[in-house]
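Trainee: Sequence:
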Amino acid sequence: MHCDYLIKNGTVIDGSAHDAEPLKADLAVKGDRITAVGNLSNVTAEKVLDAKGYFVCPGFIDTHAHSEFTLLADGRAEGKICQGVTTEINGNCGLSAAPLYNQAFEQRQKDLEEFNIKERWNNFSEYFALLKKRGLAVNFMTLAGHGNIRASVMGYAGRKPQKQDMKGMLELLRDAINSGAGGLSTGLIYPPGVYAETEEIIELAKETALHGCIYTSHMRSEGDMLLEAVEEAVRIGFESKIRVHISHLKTSGGKNWGKLTDVLKLIEEAGLKGLKISCDRYPYTAGSTDLDAVLPAWVYEGGRGEEMERLKNSEVREKIKKEMPHSKDYYGNITIASVDSDKNKWMEGKRFSDICGALGKSSLEFIFELLIEEDLRVGAIFFSMNEDNLKNILKQPYTMIGSDSSARCFNGVTAKGKPHPRGFGSFPRVLGRYVRNEGIFSIEEAVYKMRGLPAKTFGIKQRGVITEGFSADIVIFDPDRIKDKASFDSPFEKPEGIYYVFVNGVPVLWEGELTGKLPGRIIA
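Numbering of the sequence shown is given in the numbering used here, commencing with residue 1 and proceeding in unit increments.
Keep in mind that a hint or two might mislead.
Restraint ranges, calculated between C-beta atoms of paired labels, are given here [unchecked claim]:
{"hint": "1", "residue 1": "S490", "residue 2": "K206", "range": "45 to 55 angstroms"}
{"hint": "2", "residue 1": "W298", "residue 2": "E199", "range": "17 to 27 angstroms"}
{"hint": "3", "residue 1": "L130", "residue 2": "D165", "range": "23 to 33 angstroms"}
{"hint": "4", "residue 1": "N39", "residue 2": "D329", "range": "52 to 62 angstroms"}
{"hint": "5", "residue 1": "E373", "residue 2": "V413", "range": "45 to 55 angstroms"}
{"hint": "6", "residue 1": "S41", "residue 2": "K110", "range": "49 to 59 angstroms"}
Simulated from the structure, these hints should not be mistaken for lab results. The beta-carbon is built from N, C-alpha and C at its ideal position, and this holds for glycine as well.
Based on the provided sequences and hints, a complete structural model is requested.
Mentor: Right, here's the structure in full:
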């Protein structure tokens, strides 16, 4: 047999189970498929790769990505490829590339401008056509964002949907799934998802379940109302008869760290009662989102324009202040990740406490003024989590790894700000820090969490395992050297120890160097 690539002498971890036995084996790749695994001493190849001392694994699946616009702007996805990620699941937290009708499009226009995206689309079919034309280095799967669906029909109205509204939302959901979306996601702290009652989500989730798809949720609370939020996710699962996946499970805020035992108990009890339930997590104790997420929900009602008007109104600002957290510790643990204006670039990477001290302003006044100056476009990093809880969550058998990041590159239009280092370090951080150094679980279980389990959970066919006939998505790394290098001060850093990455049989990382090839496909 003759093949394109022959990977010899490696230790194969096939990703099929949490206790899959490592196997000393060769691997043959021809076209976009793995054609043989085993002793391939009689096989010839165009290129032979000696993987002695390295692990050969299925390429990792990032279960929680936000690359809808960054990939359309720059398909190279360097930050993900360097981590060994070959497939992303996008459309999380209620935010997806489509549908984009009416106010849903208006609300995202600034995002398009940020990345110089001039193309326009309304639905997933149109978006997928643009993405294929653009070309991308990773495989792309997406969920349909409830926020997009609701905003396309109802705008940012803070009310219950009327009968006609629900009919319109169901039609958009069906179209999204029929076009290739793999499920429904919600972001219940973000507008307009924050205005949706549980019954609205259940009705949409029931429709999603009819298509055999999954429901994922950035829950209504990850802090003070965490237990109630988990109970809501479980209720949606049982009443809709749908698989539930909790996005970036966490306990946010010191006073909530002690709730994890009860959270895990709720999840385990739901599983014992028959609910298929899982979660993902990134291996850091800081999260990141838009700064205006700290505002009360009513401030967002009506969309960006009305939010800005409220922030500019001194009387309304006083009302907002009364409903916001007042703890100095809360604001002292926030770092500015990104701003649009050159004037405020000096703030990127700096803590609130340092900025407010330099400006002589209170935290709340600083938030209001910065949001107004930046037209609401401020990214922030929140240091609010606990290392022991992080490890406990990662160890759960139903936990997968999701970076909660967009695919960025080391140069070009996506290389801006000081984003969370998870976009460049999540997967090697798990393998280096938490597997090799701290031993919280085995390398076999880690690979299963990064590939086999996500493939099963999200229904990704022919890609979850190193086996004959499956797509040749492969990562090869040195278990003794792999580690993350990205930090909060310097996020745009390549990890160490990952040397080869194949996507659909094409090398996108070769001897540790990016090849610039774009063999990624849309998984629909």
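Trainee: Each of the hints needs a verdict: does it hold here or not?
Mentor: Comparing the hints with the structure gives:
no.: 1; hint: S490 / K206: 45 to 55 angstroms; in the structure: holds, 46 angstroms
no.: 2; hint: W298 / E199: 17 to 27 angstroms; in the structure: holds, 20 angstroms
no.: 3; hint: L130 / D165: 23 to 33 angstroms; in the structure: holds, 28 angstroms
no.: 4; hint: N39 / D329: 52 to 62 angstroms; in the structure: holds, 60 angstroms
no.: 5; hint: E373 / V413: 45 to 55 angstroms; in the structure: violated, 22 angstroms
no.: 6; hint: S41 / K110: 49 to 59 angstroms; in the structure: holds, 58 angstroms
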